[in-house]
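**Q** Given chain A's structure and the hints, the job is docking chain B onto it.
Chains A and B are the protein sequences, given in the same order. Position one of the first sequence corresponds to residue 1 (full-length UniProt numbering), numbered consecutively onward. Position one of the second sequence corresponds to residue 1 (full-length UniProt numbering), numbered consecutively onward.
Certain hints may be false.
[Unchecked claim] Once the Cα atoms are required to be at most 30 Å apart in a straight line, the calculated DSS-like pairs of lysine-lysine come out as:
#1 B:Lys72 <-> B:Lys92
#2 B:Lys99 <-> B:Lys77
#3 B:Lys110 <-> B:Lys47
#4 A:Lys198 <-> B:Lys92
#5 B:Lys101 <-> B:Lys47
#6 A:Lys198 <-> B:Lys106
#7 A:Lys479 <-> A:Lys490
#8 A:Lys469 <-> B:Lys196
#9 A:Lys198 <-> B:Lys110
#10 A:Lys198 <-> B:Lys99
#11 A:Lys198 <-> B:Lys77
#12 A:Lys198 <-> B:Lys47
#13 A:Lys248 <-> A:Lys479
#14 B:Lys98 <-> A:Lys349
#15 A:Lys479 <-> B:Lys198
#16 A:Lys479 <-> A:Lys322
#17 A:Lys469 <-> A:Lys479
#18 B:Lys196 <-> A:Lys16
#19 A:Lys248 <-> B:Lys196
Just so you know, the hints here were simulated from the structure itself, not pulled from any lab data.
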Amino acid sequence: MEMEMSQASIDSDQRKFALPVDSEHKATEFRLFSVAAPHMRAFHLSWISFFACFVSTFAAPPLLPIIRDNLNLTATDIGNAGIAAVSGAVFARIAMGTACDLFGPRLASASLILITTPAVYCSAIINSPVSFLLVRFFTGFSIATFVSTQFWMSSMFSANVVGTANGVSGGWGNLGGGATQLIMPLVFSLIRNIGATKFTAWRIAFFIPALFQTLSAYAVFFLGQDMPDGNFSRLQKSGDKHKDNFNKIFRNAITNYRGWILLLTYGYCFGVELTVDNIIAQYFYDRFNVNLHTAGIIAASFGLANIFSRPGGGFLSDIVAKRFGMRGRLWTLWIVQTLGGLFCILLGKVGSLSASISVMIVFSVFVQAACGLTFGVVPFVSRRSLGIISGMTGGGGNVGAVLTQVIFFRGSRYSTETGITLMGVMIICCTLPLFFIYFPQWGGMFCGPSSEGTTEENYYMSEWNSTEKDRGFHQASLKFADNSRSERGKKVDSAPSPSNGILPTYA
Amino acid sequence: MEFRGLFLPSLLLFSCLTATCYGMVTFSSLHRTLVVTASPTPGQVLKAGEDQITVTWSFNQTFQAGTDSTYKTVELKLCYPPISQVDRAWRKTVDDLKKDKTCQFKIVAKPYSSSDNSCTWTVERDIPSATYFVRAYAYNSDNVEVAYGQTTDSQKATNLFEVQAITGRHVSLDIASVCFSAFSILSLFGFFFMEKRKTRASQQK
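For reference, chain A alone in the conformation it holds in the complex (with noise of 0.2 Å):
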């Protein structure tokens, strides 16, 4: 066995691994409390650069009242500032996706963190409505580090722990938006204490998300690593990892409907959070007339209920897919989405505060297990264009942000109330095209897997053409789809297709 190994081989077999994995090194258990590298500190590194950025770009809403003043601020001007803030990322995360794919995702995110960077430090030394409203667009940037959170998940986690690790990930990135309602507040009160007047403080605590910012991205690059088996660029120039052509990876992932449906339902579930980051506060202080300082602990718990809800999303994907493979994934993520949109509705029309607030955390545990849930389906889509995917996915979330909060959320067509209760509808029906998603070698809601026994290995290699193939660059592709096997689940493996739309619940 050994005399047959290759030079290159022995070279990345002998590696030892903290945790067990499989033919492409990928860890196949999710040791939360480890930080063995690589796995589990790609993990660890990933979601706390990811909550890094969640804070700056979060940091002013909570610090308004005071900002507004010094600024000189009217409603119109906040409202557009929120648009901007989630807008930027848009672009912002697909070209992340691209540069996942291209350079890695560890040099990628650092990069990300550090030419966002300065426009936390100057939000510091802005001084009008328009300064105000660049600043949150530029930091807004940030937030694509989403994308590289997910694409180091995908390349570190093998298909049966991916949804966990994605969705811890992700979640708890996505927690520095309710922790910043908490953090700085406190900073600021601080800074006050130590002497400072209101309009300099909270300038000062600007100070405190930038340097987290900047210290994260150095502990991204020096502690991090791209993939089990070493850095991207090293990879690349031993020959052991191919160097994609972009426009091929491109046309790949766009020419790939799954990836477009995947975007328009989470533009449904992490575009709704993100606006309701924007937007709950001032809803509780105005409609019940809590004081700011309770709206903003409100508005904080939802954001805060990511500690679980969104990991929980991953990890009842992997749940199920374990018995119903990737038909069971794609039933619970509707499933899901759909009840979060019911109880969306519900928050709207719900009259007392004690009823919103735990409507709204109900309703919050839904929309952010979604989000888990879809990142359970992604991985799957492509493996090729696997940033690409994951990119437009997320930047689907942002997409979703932006056309919610200019339909529903500005000016004064809408009460909050009625926008709300109206999002809940749109939620539903967003949900729906999830339908229309199937893969030949498992099925998909509705309809078995293809009879014309298509397996992974034919849907994942017709991503490469036979001059490539014969280059051998389609290796990766190959042990990919033997791992994604289990997609195929324990129950429905080879059974005929159901002819309604039930789960497939038989032996």
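**A** Here is chain B on its own, set in the frame of chain A:
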């Protein structure tokens, strides 16, 4: 048991009633019995942290003497006229004084006397840029508003002055944010350079 069953709700009801008695004071129910004047001329721009306002107030003698017998204290406040409230719901005028956000900045509170009151106040550094007027509330011994007076007319459109806020910026703050920004960008180039060199090194091995 039955007595307690009745007692609790009636106690609650009673406390609710007293709460509305004292809790809900509407601005429209107050009489304008105070005459208030402030030193700024209409349209004057005051610099926060530097310029001063002198406010004088007295009882309007056209009202019956003794109307002010319940007045215990007077509080002067800096208030937003409608022109400063446009598209800013957080400065909204509400008739219920508990929810009213017109007057957010306290100038001074003094025991009431019917004439010869004056006070000089430096515009504080946390006052935002906006147009303002001054309003005085008279409170009774239960600390409930019973009368008012203001420097503007009832439409809150005349005799207004402006405050120009401090920017809150400092040279040191500017320097710090520029330096840190430059540091981030330089680190980025450093990272690219190190990555290139590392790749070359591993290739030569």
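**Q** All hints, please: hold or fail.
**A** Do the hints match the structure? See the list:
{"no.": "1", "hint": "B:Lys72 <-> B:Lys92", "in the structure": "holds (28 Å)"}
{"no.": "2", "hint": "B:Lys99 <-> B:Lys77", "in the structure": "holds (16 Å)"}
{"no.": "3", "hint": "B:Lys110 <-> B:Lys47", "in the structure": "holds (25 Å)"}
{"no.": "4", "hint": "A:Lys198 <-> B:Lys92", "in the structure": "holds (22 Å)"}
{"no.": "5", "hint": "B:Lys101 <-> B:Lys47", "in the structure": "holds (23 Å)"}
{"no.": "6", "hint": "A:Lys198 <-> B:Lys106", "in the structure": "holds (16 Å)"}
{"no.": "7", "hint": "A:Lys479 <-> A:Lys490", "in the structure": "holds (20 Å)"}
{"no.": "8", "hint": "A:Lys469 <-> B:Lys196", "in the structure": "holds (29 Å)"}
{"no.": "9", "hint": "A:Lys198 <-> B:Lys110", "in the structure": "holds (26 Å)"}
{"no.": "10", "hint": "A:Lys198 <-> B:Lys99", "in the structure": "holds (23 Å)"}
{"no.": "11", "hint": "A:Lys198 <-> B:Lys77", "in the structure": "holds (19 Å)"}
{"no.": "12", "hint": "A:Lys198 <-> B:Lys47", "in the structure": "holds (16 Å)"}
{"no.": "13", "hint": "A:Lys248 <-> A:Lys479", "in the structure": "holds (21 Å)"}
{"no.": "14", "hint": "B:Lys98 <-> A:Lys349", "in the structure": "holds (27 Å)"}
{"no.": "15", "hint": "A:Lys479 <-> B:Lys198", "in the structure": "holds (28 Å)"}
{"no.": "16", "hint": "A:Lys479 <-> A:Lys322", "in the structure": "holds (19 Å)"}
{"no.": "17", "hint": "A:Lys469 <-> A:Lys479", "in the structure": "holds (14 Å)"}
{"no.": "18", "hint": "B:Lys196 <-> A:Lys16", "in the structure": "holds (26 Å)"}
{"no.": "19", "hint": "A:Lys248 <-> B:Lys196", "in the structure": "holds (25 Å)"}
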